[in-house]
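Participant: Listed below, chain by chain, are the residues.
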Amino acid sequence: MTEIERHSYDVVVIGAGGAGLRAAIEARLQGKKTAIISKSLFGKAHTVMAEGGAAAAMGNVNANDNWQVHFRDTMRGGKFMNSWRMAELHAKEAPDRIWELEHWGALFDRTKDGKISQRNFGGHEYPRLAHVGDRTGLELIRTTQQKVVALQQEDHAEHGDYEARLKVWAETTVTRLLKDADGKICGAFGYVRETGKFVVFEAPAVVLATGGIGKAFKVTSNSWEYTGDGHALALLAGGTLLNMEFVQFHPTGMVWPPSVKGILVTESVRGDRGVLRNSEGKRFMFDYIPEVFKHQYATSEAEGDRWYDDPDNNKRPPELLPRDEVARAINSEVKAGRGSPHGGVFLTVVDRMPGGAEEIRRRLPSMYHQFKELADVDITAEAMEVGPTCHYVMGGVEVDPDTGAALVPGLFAAGEVSGGMHGSNRLGGNSLSDLLVFGRRAGLGASEYVDGLDARPAVPDAEVDAATAEALAPFEREGGENPYAVHAELQQTMNELVGIIRKEAELEQAIASLGKLRERIANVSVEPVAVGAGGRGYHPGWHLALDLRNMLLVSEAVAKAALERQESRGGHTRDDYPQMSADWRKVNLVCSLAGDPSSPHVALKRQAMEPMRGDLLDLFDNDELKKYLTAEELPAGLAEEAKAEEAGEAAGPGATAAAAKGDAKDDEEDGR
Amino acid sequence: MSYEAKFKVWRGDDGDGELTDYTVEVNEGEVVLDIIHRLQATQAPDLAVRWNCKAGKCGSCSAEINGMPKLLCMTRMSTFDPDETITVTPVRTFPVIRDLVTDVSYNYQKAREIPSFDPGDAKPGELRMQQVDVERSQEFRKCIECFLCQNVCHVIRDHEENKPEFSGPRFLMRIGELEMHPADVSDRREIAAKDHGLGFCNITKCCTEVCPEHIKITDNALIPMKERVVGRKYDPVVWLGSKLGIVKKGQDTPSA
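Listed in order, the protein sequences are those of chains A and B.
Counting from 1, one number per residue, gives the positions in the first sequence under full-length UniProt numbering.
Counting from 1, one number per residue, gives the positions in the second sequence under full-length UniProt numbering.
Hint data in this document are derived by calculation from the structure and do not stem from the laboratory.
All values derive from a computational prediction rather than experimental measurement.
Watch out, some of these pointers could steer you wrong.
[To be verified] Result set (EDC-like, lysine to aspartate or glutamate): computed pairs, CA atoms no more than 16 angstroms apart in a straight line:
hint: 1; chain 1: B; residue 1: K110; chain 2: A; residue 2: D621
hint: 2; chain 1: A; residue 1: K112; chain 2: B; residue 2: E135
hint: 3; chain 1: A; residue 1: K115; chain 2: B; residue 2: E126
hint: 4; chain 1: A; residue 1: K112; chain 2: B; residue 2: D133
hint: 5; chain 1: A; residue 1: K261; chain 2: B; residue 2: D133
hint: 6; chain 1: A; residue 1: K33; chain 2: A; residue 2: D182
hint: 7; chain 1: A; residue 1: K294; chain 2: A; residue 2: D621
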């Protein structure tokens, strides 16, 4: 009989990044006995990698900024695919979450009058990112980590036990969510890395805050933990995933040396005057400004350069277009043979800052350090070589915007694992503030849900038995494949066939390959090690064998949704459907599991997008709305106008029924 | 450009273990962690190593390479001679869990004993601080908690018996960070010496030398803290002033 520990909590938070810690802090503040389950050590979460900052319309640097402008930028960045309610809550609440962090001890960089400084970033109309040099994510993690400790100290003073109401389970991985007979969440099942022991966490509410899926791709900025655990756990528990086709490829990852390929080069390099050049020395981004953004970006180098010092009278340089645009532009340049020696393009700050090398080192200390140590490149004297890297998944668990509640009763999600907030493309800086805003909301939502229950759900033995058997299976099989080899092939498949530019035939090929990988994953085997329960103590091969199930499920979700969506928008680019379609904007693609529960597959359905509230629509110019919305969706007067235009154009050659998507498509096509 | 390198990697658990020989491929631009991963993928799927970001930002992959405390992900193979045998062992100051993974819970216990940031009566959004004032503590907040400074510090490296009284450079620096935080109202000078062992430090600067973030732990955190502690306790003017009731002594904040 396998030994299984049992522990009881009110709220279990899976994930100890920014969203998980903020959710746990909130649940504990609401008086709930809370556990944080962390796949790594406490304080090592992937959030530490976030460099640029946290977007919040505090208006410290430019007083014109407010939540409406931030909301507008977020919707534009996401190409109107966002859950507008989430974008609204995010824009409204982000400033309070940043001030709260400061009140917990965070030390942001300052303005001259002593307020939190804010920096420019791609897609943000005003300087908006609260930052600490280029290590803002570390500050966010350390501050929330230290707030967790502060709460534990309060509990120690009161109960004599630091972990009386808030415990961090470091290096513990959840492999299954548990549900009771009524289909409600009743806990989670996992293993402790150090010992390999199994643990059942009995809890009526679970918050998923597991981050992303980058490890399903070969070139990624993500760390080993990013195996889509939360996405898969939600699916397996009967939850749904929203718009998984939208995957953000950050335009600037390192491309050399090979061992660091994919590691991020922060967007602040571009925010701080960095420019992109091709092998001919040309600042090529001016050739890639899409029609929808034409009025917000500079058309000459001179104007772009003036903007850094006089943003009110000049338009911003196109290096600061949203990430999807820049990533595609780099991809096109490389494909056209104008790339750098190692298959990227050049990003340089040399001679771009008034303070010279000294200022570069001060403004971009981590980048200076990273290139010096890992690539032997001195960024004050040489250009960096950069190219797109899989960075972030916009798609995720379908949640209620206000509470983070998933479709499964008792299940909540926040941060990268949840879907909707960022639409088809996330703006830089919107992630850190997303973690805080929706981490708090999910912690609150879970607490309120627990308060509303009549009785705690019981954990059925059969659920625990099934989870145990599944976790032990890689040891039971003999002579199966090495999990590392299968993982490498999965990553290769996703990178090559479901990467930054997609086409129908390749996506079909990917789905077929994933089908074959499914059989091989079901067959991987591992040998026991010398220590821990059943030879499972700190056993990396076994951990990967279990993570493969999750990566396969999310890969299937991404590939199937990418095949279904026949348009190009944000983090989803179809070579065979290069235009953005207003009709497709109204469609959310929702993934769930179907078929044999022992080997379920991803099923897809279309779900109508909820129309935006009138007062939010009013924040946009009519001309802009016409670029994104269908005629029926436009405010009354405007709809007539658009229909008339449509009728007029329909006579012309090549016109389609969805002409209201308008100028967007033609120029976007040129832009690729 | 690739070659076969000779490695000795410590394999074993808390009880015992030994250095195991491996010959493994090395390619241009790789770091030691890449080689450890290649061993995992090809020769030793159960080789335990702790790592996360692979970019020197999370501080997970601390180990000792040829006896020097280093991050595996930031140690480039090009810094070694291709003929050299490279020895990788777990950090020595903490108990081994398995192979290169150690039990670093000592650090998390020490973190809990330091009273947290206290903004006093200030409300969120009200704080005003100058850049020049936040920069001192910002330097210490660059810490990625790799615990290499803790590992190298001779006070505990071979002296298990000092661990209860000594919090190590990382957490003495944390006390310094809070002391120098412009908005913090607590006074941790007394506990720095009494509970956390500031006096054990005899400024050999080993911690500073191994810090991958190049934080000047000794010069900027530990020595100024020593001065503050001494100032509070022994400054004759302060002593006289407080005797006469001119200088008001603040409340000492107890350990948490």
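Participant: Now tell me if each hint is right for this structure.
Facilitator: Outcome of the hint check:
Pair hint B/K110 plus A/D621 does not hold up; C-alpha atoms about 56 angstroms apart against a cutoff of 16 angstroms. Between A/K112 and B/E135 the alpha-carbon distance is near 14 angstroms, which keeps this suggested pair within the 16 angstroms criterion. For a cut-off of 16 angstroms, the pair hint linking A/K115 to B/E126 stands: about 9 angstroms separates their Cα positions. For the hint linking A/K112 to B/D133, the alpha-carbon distance of about 12 angstroms falls within 16 angstroms, and the restraint holds.
The hinted pair formed by A/K261 and B/D133 fails the criterion: a straight-line CA distance of about 38 angstroms is larger than 16 angstroms. The suggested pairing of A/K33 with A/D182 is violated, with an alpha-carbon distance near 23 angstroms, which exceeds 16 angstroms. Using a Cα cut-off of 16 angstroms, the hinted pair A/K294 and A/D621 holds, with the two alpha carbons roughly 14 angstroms apart.
Comparing the model with each numbered hint stated earlier shows that hints 1, 5, 6 do not hold.
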